[in-house]
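Student: The listed protein sequences correspond, in order, to chains A and B.
Number 66 in the working numbering belongs to position 66 of the first sequence; there are no gaps in the numbering.
Number 79 in the working numbering belongs to position 79 of the second sequence; there are no gaps in the numbering.
Derived from the structure by calculation, the hints contain no laboratory data.
Treat the hints with care, since some could be wrong.
Unchecked claim - Pairs of lysine-lysine residues, derived as BS3-like cross-links and limited to a Cα-Cα distance of at most 27 Å, are as follows:
id	chain 1	residue 1	chain 2	residue 2
1	B	Lys11	A	Lys41
2	B	Lys14	A	Lys37
3	A	Lys56	A	Lys67
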Amino acid sequence: EDKVVQSPLSLVVHEGDTVTLNCSYEVTNFRSLLWYKQEKKAPTFLFMLTSSGIEKKSGRLSSILDKKELFSILNITATQTGDSAVYLCAVLNQGGKLIFGQGTELSVKP
Amino acid sequence: DTGVSQDPRHKITKRGQNVTFRCDPISEHNRLYWYRQTLGQGPEFLTYFQNEAQLEKSRLLSDRFSAERPKGSFSTLEIQRTEQGDSAMYLCASSLVSAGVSYNEQFFGPGTRLTVL
C-alpha cells in the first residue's frame with residue numbers, strides 16, 4: 001500500500017531558528033513530490049519536485065528530493081512566527097492522485 | 001484565494017440526513033479532485049474527474065457517497081444517511097493536465113467542514 005511518512009509530527013522552535021522537515025515515501029508509479037503549507041484552512045502550494053538533487057528555493061524555504069533513497073526535505077531558515085503551520089508532503093502518482101503524509105505541525109515562538 | 005471555491009464552508013447536520021457540497025474549480029482546469037481531511041491527518045483522496053468523467057474512486061468512498069461533474073465544470077459531492085464518522089473537512093482541488101500528460105500542481109479550495117451530530 002502506498003504511504004507517505006513525515007517527521008517529526010510536531011516541532012517547536014524560536015524565531016530565527018532553522019528547521020528541517022522530513023518526508024519519506026513508498027509509492028508505486030511515483031511522478032512528483034509536493035509540499036503544501038496549511039494554516040487552519042486549505043493547503044497552499046509550496047513546491048513540486050520531480051528530479052533528484054535539484055534544489056527548489058522560494059525565499060527562506062527550500063526543498064530537495066532524493067529518488068534513490070525515497071525522501072525529501074523542506075528547509076526553512078530564519079523562521080518567523082508567520083511560518084507556524086502544518087506542512088504537508090504529498091506524492092503525486094502516475095494517475096494524478098496525491099497521497100499525503102500526516103503533516104508536521106510547526107510552531108515558531110517569538 | 002486560489003480560485004477554487006466551495007460551498008457551503010460549514011455544514012452541521014443530524015445523523016441520517018443527506019448533505020450536498022459544491023466545488024467550483026479554476027475555470028481552465030480539466031481535473032477536479034475531492035479529498036477528506038480529519039483532525040491531525042493529511043487529506044485522503046476520495047475521487048477525481050477529468051472533465052465530466054469520474055476516473056477513480058477510493059475504497060473510502062462508500063455507496064453512501066456520490067460525486068458528479070455533469071458539465072465538466074463544477075462538481076457536487078453528496079453524502080446520504082450521514083454518520084458521525086463522516087465529520088471531517090471535505091476539500092476540493094483542481095489542476096490542469098495537458099494533452100502530453102503533464103501534471104501541474106493541484107490548487108485547493110477552502111473546504112467544507114461537516115459536523116454530524
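Student: Would you mind marking each hint as holding or not holding in the structure?
Tutor: Here is how each hint holds up against the structure:
Annotation: proposed proximity of Lys11 (chain B) to Lys41 (chain A) holds, straight-line Cα distance about 15 Å (limit 27 Å). Taken as a hint, the Lys14 (chain B) and Lys37 (chain A) pair is broken in the structure, with Cα atoms around 32 Å apart against an allowance of 27 Å. Between Lys56 (chain A) and Lys67 (chain A) the alpha-carbon distance is near 15 Å, which keeps this suggested pair within the 27 Å criterion.
The structure fails hint 2 only (numbered hints given earlier).
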